[in-house]
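Chains as they are written, first to last, in the numbering used here: chain S, 11 to 266; chain Z, 2 to 246.
Where hints are given, some of them may not hold.
Here are the simulated PhoX-like cross-link-like pairs (lysine-lysine), alpha carbons at most 20 angstroms apart as the crow flies [to be verified]:
1. Z:K76 <-> S:K249
2. S:K120 <-> Z:K209
3. Z:K229 <-> Z:K239
4. Z:K209 <-> S:K239
5. Z:K72 <-> S:K239
6. Z:K209 <-> S:K256
7. S:K249 <-> Z:K72
In short, the hints are calculated from the structure, not lab data.
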Amino acid sequence: MTNETYIKKLIEDGSRIDKRSFDEFREVTIEKGVIKTAEGSARVKIGNTHVIAGIKMSVGTPFPDTPDEGILIVNTELSPIASPKFETGPPSEDSIEIARVIDRGIRECKAIDLGKMCIVPGEKVWVINVDIHVLDHDGNLIDAGGLAAVAALLDAKIPKYDVETEKVIKDETIGSIPIVDTPIPVTITKIADQLLLDTSVEEEEAMDARITIASTKNGSLCAMQKSGKGYLTTVELEKAVDWSIKKGEELRALLT
Amino acid sequence: MTKVGAPEKLIIGTKRLDGRSLEDMRPMETDVGIIKKATGSAIFKFGNTYALAAVYGPKPFHPRFLQDPQKAVLKCRYNMAPFSTGDRIRPGYNRRSTEISKVIRLALDSVVFVEDYPRTGIEIFAEIIQANASTRCAGLNAASLALADAGVPMRELVCSCSVGKVEDTIIMDLDGPEDMFGQVDLAVATIGNQDKFVLVQMDGVVTKDEFMKMIELSKKGCGSVYKKQKEILREKYKTGELNDE
């Protein structure tokens with residue numbers, strides 16, 4: 011029996027390879043301020059999955075359609091250190107998808123008050139770079155990365171900027187990034203017609219479909235992305251929404 | 002924090018700016034077999050959104066180490082023409098098109114009998130010639146028709162449409178301004194007109210109830226797309242009685 015068929019067989023019998031229940035996460039730990047050189051950072055571990063998110067801030071030109079708002083850029087690095095499946099070279103399709111789904115969650119619920127990240131309207135705004143670095147990949151990267159991104163944003167301090175000399179003074183800070191919401195992405199994976207939370211790499215290899223749903227602190231949904239080759243029914247979508255809101259709330263509680 | 006250039010209102014009474022009611026789709030136009038060199042090809046339009054798709058293959062797949070000894074590998078590229086939007090788009094891949102190419106490929110993978118063509122590749126190209134929102138949906142609809150036109154064995158067609166929330170109202174098939182200045186954009190695709198979602202992508206804030214309403218509305222939209230897709234295939238490939246209605 012291959013790994014994949016074994017995992018499916020287990021799930022059909024109502025159990026998982028590490029004995030967790032279908033809606034149970036592995037142990038989640040969040041540690042803020044782990045990188046001295048970054049304006050903000052956080053380490054998130056979910057079981058063996060390990061990611062670090064770092065915030066770097068610089069001053070740039072605003073986009074023409076939002077002249078008085080700061081800029082958010084989310085990037086994910088699937089470093090070859092983390093998995094035999096990751097390769098060096100330009101960003102893979104998967105890393106782009108992870109970054110964009112996390113980005114959408116943060117952007118769509120306006121988690122950051124970007125209007126307050128403007129220095130000179132139309133000319134100078136803060137550029138907030140969120141870099142999510144995967145260090146050990148044992149599944150569920152979007153949830154780990156999304157949690158790390160929000161934790162790092164909460165941890166970040168804005169450096170002082172001197173408009174006259176156009177210099178960022180790194181040693182002095184002027185306060186935190188104005189965070190008004192904490193979107194948490196939760197991924198629900200369908201294997202053998204069952205829905206599961208927090209899948210490991212082995213489980214992900216056996217998946218039919220998955221959907222990531224980001225929810226806000228008042229229980230609204232702010233981003234969604236289905237992936238995988240299989241399909242989801244309306245009933246499954248509704249269950250996924252319920253789980254994402256409930257689990258999102260539990261994970262959000264770990265942020266403080 | 003309203004965006005520059007936003008119209009004052011997108012919905013007036015029960016009518017939208019282009020005169021549609023809330024649950025109306027834009028007129029759809031389709032054609033198949035329009036690119037002679039391709040194995041299969043199709044056009045799909047939602048109003049001013051114009052997508053063109055071509056399929057090449059199944060054919061030997063390179064590089065060899067990416068071949069699958071059990072099945073065909075789908076390769077998909079969604080691309081927007083530089084002149085398809087207000088501001089010119091720099092040609093070539095970008096992060097958005099890479100992500101959309103992936104979700105289109107996954108949506109189609111569920112219906113193609115890939116196991117019939119081991120070691121081969123099927124190349125699917127979806128080009129957006131003119132964009133006025135819902136481009137991934139139009140591209141996916143065109144790609145699905147192009148696969149059928151290519152004679153690739155499929156379980157069903159894939160049908161896609163967008164639904165959205167604008168001024169706290171749920172509407173069908175977003176156009177450009179509604180997408181740009183609205184609150185929520187949800188793109189879905191179903192297998193035929195079944196309750197099987199192979200694409201779900203959403204931006205913007207909704208409650209669970211609103212989301213479930215949007216999903217119900219999207220099924221209607223996908224149903225209309227399905228009907229339209231079957232019409233054009235029937236017209237092009239008249240083979241006597243059809244037994245599905």
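Comparing the hints with the structure gives:
Under the criterion of a C-alpha separation no larger than 20 angstroms, the hint pairing K76 (chain Z) with K249 (chain S) is inconsistent with the structure, at around 32 angstroms. A threshold of 20 angstroms between alpha carbons decides the hint, and for K120 (chain S) with K209 (chain Z) the separation of about 18 angstroms falls inside it, so the pair holds. For the proposed pair K229 (chain Z) and K239 (chain Z), the alpha carbon gap of about 15 angstroms is at most 20 angstroms, so the pair holds. A hinted pair counts as satisfied when its Cα atoms are at most 20 angstroms apart, and K209 (chain Z) with K239 (chain S) does not qualify at roughly 25 angstroms.
Straight-line distance between C-alpha atoms of K72 (chain Z) and K239 (chain S) comes to about 14 angstroms, which keeps the hinted pair within the 20 angstroms bound. Between K209 (chain Z) and K256 (chain S) the alpha-carbon distance is near 12 angstroms, which keeps this suggested pair within the 20 angstroms criterion. For the hint linking K249 (chain S) to K72 (chain Z), the alpha-carbon distance of about 32 angstroms lies beyond 20 angstroms, and the restraint is violated.
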